[in-house]
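**Student:** Each chain, letter by letter, is given below.
There are 2 protein chains.
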Amino acid sequence: MSIASTIACQPVLIAGRWRDANLVESFRATDPSHNQPIELDFPVSGWADVDEALRAATVAAAELRSLPAAKIAEFLEVYADLIQADAAELVETAHRETGLPKSPRLADVELPRTINQLKLAAAAAREGSWAMPVIDSAASIRSCYEPLGPVCVFGPNNFPFAFNSAAGGDFAAAIAAGNPVIAKANSSHPDTTRCFAVLALQAIERVGLPAATVQLIYRTGHQDGERMVADPRCGATGYTGSRSAGLALKAAADAAGKPIYLELSSVNPVVITTSALNQRGGQIVDEFVGSVLMGAGQFCTNPGLVLLVRSPAAETFINAVREKFAAQTPGTLLSPAVCRSLGRSVHVLADAGAEMLTGGGEALPDRCARPNAWMRAAADQFLADPEVFQTEAFGNASLVVVADDVDQLVGVIEALEGNLTGCVYSATDDPDYEPIAKALTPKVGRLLNDKMPTGVAVSPAMNHGGPYPATGHPGFTAVGIPAAIFRFAKLTCYDNVSEPRLPWLLRNANPTGGTWRQIDGRWTTDNVG
Amino acid sequence: MSIASTIACQPVLIAGRWRDANLVESFRATDPSHNQPIELDFPVSGWADVDEALRAATVAAAELRSLPAAKIAEFLEVYADLIQADAAELVETAHRETGLPKSPRLADVELPRTINQLKLAAAAAREGSWAMPVIDSAASIRSCYEPLGPVCVFGPNNFPFAFNSAAGGDFAAAIAAGNPVIAKANSSHPDTTRCFAVLALQAIERVGLPAATVQLIYRTGHQDGERMVADPRCGATGYTGSRSAGLALKAAADAAGKPIYLELSSVNPVVITTSALNQRGGQIVDEFVGSVLMGAGQFCTNPGLVLLVRSPAAETFINAVREKFAAQTPGTLLSPAVCRSLGRSVHVLADAGAEMLTGGGEALPDRCARPNAWMRAAADQFLADPEVFQTEAFGNASLVVVADDVDQLVGVIEALEGNLTGCVYSATDDPDYEPIAKALTPKVGRLLNDKMPTGVAVSPAMNHGGPYPATGHPGFTAVGIPAAIFRFAKLTCYDNVSEPRLPWLLRNANPTGGTWRQIDGRWTTDNVG
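Note that the protein sequences, when read in sequence, are chains Z and C. Numbering follows our numbering, with no gaps: position 40 of the first sequence is 62. Numbering follows our numbering, with no gaps: position 139 of the second sequence is 161.
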């Protein structure tokens, strides 16, 4: 860190203007592929920046409420097109800051997904079904979800595009609901986020949205972050990242009665029955190794915990995974912080008694990376200290826990915290399936069968959520349009309000001809009456 | 309070058995119509009771998950019928404990409403649309809401039937979602709640639900209450009552990541434009006085704050209300505690500078009652200390705030906290409507036009909710089937799960022939494919 006043920092975007930050200090991101700081200084903003952003966002929120939803949809589409046009620079910048492969990961998977999310959000905003309009025509009572004010978005380190605070899932959902966004960049890819915000402002100007519809700061002190999510002017917060930082923000937001949607850590248990291993163990080894080492294991849904019942097939599985883990070159981790944290977590598990089957050594010297780690513990060990054995080792690491029998395996599942996902690999008519699924389902947001959890399809039926502490509330999903949108909305009921005074979604005529509304108990695209 | 061991207390209902409480002390309710304690001792339970209830509820929750929803619906219907059959005793008991009139209030309004809610919840449980099943047939991803475990329900003092913790709205919603309920009786009507629980257990036995589907305790120490809502075995909590107790429970539940749905205080602003007063001021006086004095003003949606612009018509309105308030015999308040609290709140407003137009004197000697209170303040005063002037005076009291002009009135609205409701009385094409409604809508869960807020219809389009601190989250409603139900549920996604392993709501065939599901983007009652 340098003395603030002597640094020429990258500007923040506040109230439609790129300007110097109200600076308390500065920071640099690291190129993890070379373990070298990137020579661009970014500001740690003081409260004055946050305060001005909240003030400008409040004005923008009121203006946005008066605009037609089609205008918001247009913004999302223009923005998506600008991102597409600037893809090469975005990919280059994100690669430098995260070490994620340019192709296929960044250019061919994550950027198209990001653009698709923005377009789906645009379509949802234009069509309005996301707002769940409900009409009781006899009682003259009508309700729908409406924007709730400025949304603060904290993006994670592991998806510089698809969960970027200025372009990703929470951003798209908050905007589609009709709210302005204050993006807090992830400190590991500030320049990528800056590039997005440049394009967002262009799209705002082209479409004619309020200037403060999208604002950007890079970092604040912890106290200012907590003050921001609890500020009376903040409508809600979306946060994806580490549990400790997330829970500190949650405590602040909760105390002020502000909604906060969190996506925190998850070990994503994968249960493989003995019948499944006997039937197709080799294939499952390949699927598992592919899932856990893809992107150096840096996914929220990375399978960090495998549960097996003791058997020869289990030993074969464990050995085959060990060989593949040992043979495969470890991927580059997102940052020195991730590299350190992975080392610490593996140590915690080893100290608790997990056997290190492969990996666990020193970090590589020339880039952010650690040997692929495959660890083993007995269910007895796990059950003696379930909290420690659920330590998330974010990165290319996984722990296999071997139970004596299915009953003990179910006991391990019952000792699990809430998770985003849980997988069961089993055979057809497998008698072990039912007790396992029965114990696992209440613990997870998404139950998968015979499939690894790392793919998170952008589907209306997706749930990228789950019981605490995977998230802050078990009823919401961060992925999936339109369900992700209504998190950033308040329910408003209009009682005895005459037709011309109703919002567009609640008038008698179907607002688009194709908007789904529940009218007198029936979901329909018809008009009222 | 008496020494616990010497008291023969009413039993608690735990794990299907009426048994003596693990007692820390005892309490009695008061007959507010005569200001006399009722000679029935009820226990304040220690942690051992709560612990056993949570343990039994956990077992019941797992059993309920395996039962067909029709069974749960049947329970709700049988229970509704038993309540109907026992109506006379329930009305007598509730009248003694609350002072609410037997007729029409208890017998002809609240009990039928309670029975109706249970039946609507039964229909919703049987039909399943409440769970919002979403099916993406191409991706083989399907999701719906599912029960989340034992629900603790804390009922309020003011609706001994319709919001009773063992029979009211939260109870019906939690059971319809498939969860067992641990009811915490309101201390002002424990015997009414005990009567309900007796009938609930009969219904449980008749239908064959798990014994611990409904359990009852009457009271705990504050610490044990907080420990209960934060316990790992608790799925969620529904609370209706005072802000201070509610926020203490919220802090405990939030820290443990447990959903808690609160319905707290609300002053329910009523804005009346000068045009409306000029047009039909006399009629509005009648509507307002009826609304605020009905049930001695003890409604969550009681209009406790009237906003007017200075004019001769405003003076006429204020005087007419004063005369009616002074002339009408004050209703009986629910308890000595409500009577004391109302006195305190009126004092707070008077001390802040509100002029006492009528009322404000001593409590009546022979029953729980206070003179109807009508207070006045200028908008300048309000704006100088908006927090104090929003003190909720729960009971037969209301404050009128007079603004210099519409701009200042809008300023008062902008200084309001979140409320359950907001009303605007205006004329057709009233130019004042738009600025008022624009400022008021973001502050309230329900915007009414030309109608007082005290009626809360049980409609699918109802929102009995609102921004903090009226509730804990602006996206949920406590009244209205089916929307109230999914609060007590977790979203679960089934990814690549074969048809026979899917829950009933997500299989290809429509589960009832009439269940609304979103299949591939369309809401339909069709089968998949």
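Read the hints as simulated data drawn from the structure, not as lab findings. Fair warning: there could be bad hints in the mix.
One copy or any two copies: either way a pair holds, since identical chains are not told apart in the list.
With a straight-line cut-off of 30 angstroms between C-alpha atoms, the simulated DSBU-like cross-links for lysine-lysine are [claimed, not checked]: (1) LYS473 x LYS346; (2) LYS465 x LYS93; (3) LYS141 x LYS93; (4) LYS124 x LYS141; (5) LYS346 x LYS93; (6) LYS460 x LYS93; (7) LYS93 x LYS124; (8) LYS473 x LYS460; (9) LYS460 x LYS124; (10) LYS473 x LYS93.
**Student:** Name the hints, by number, that the structure is in violation of.
**Tutor:** 5, 7, 9 and 10
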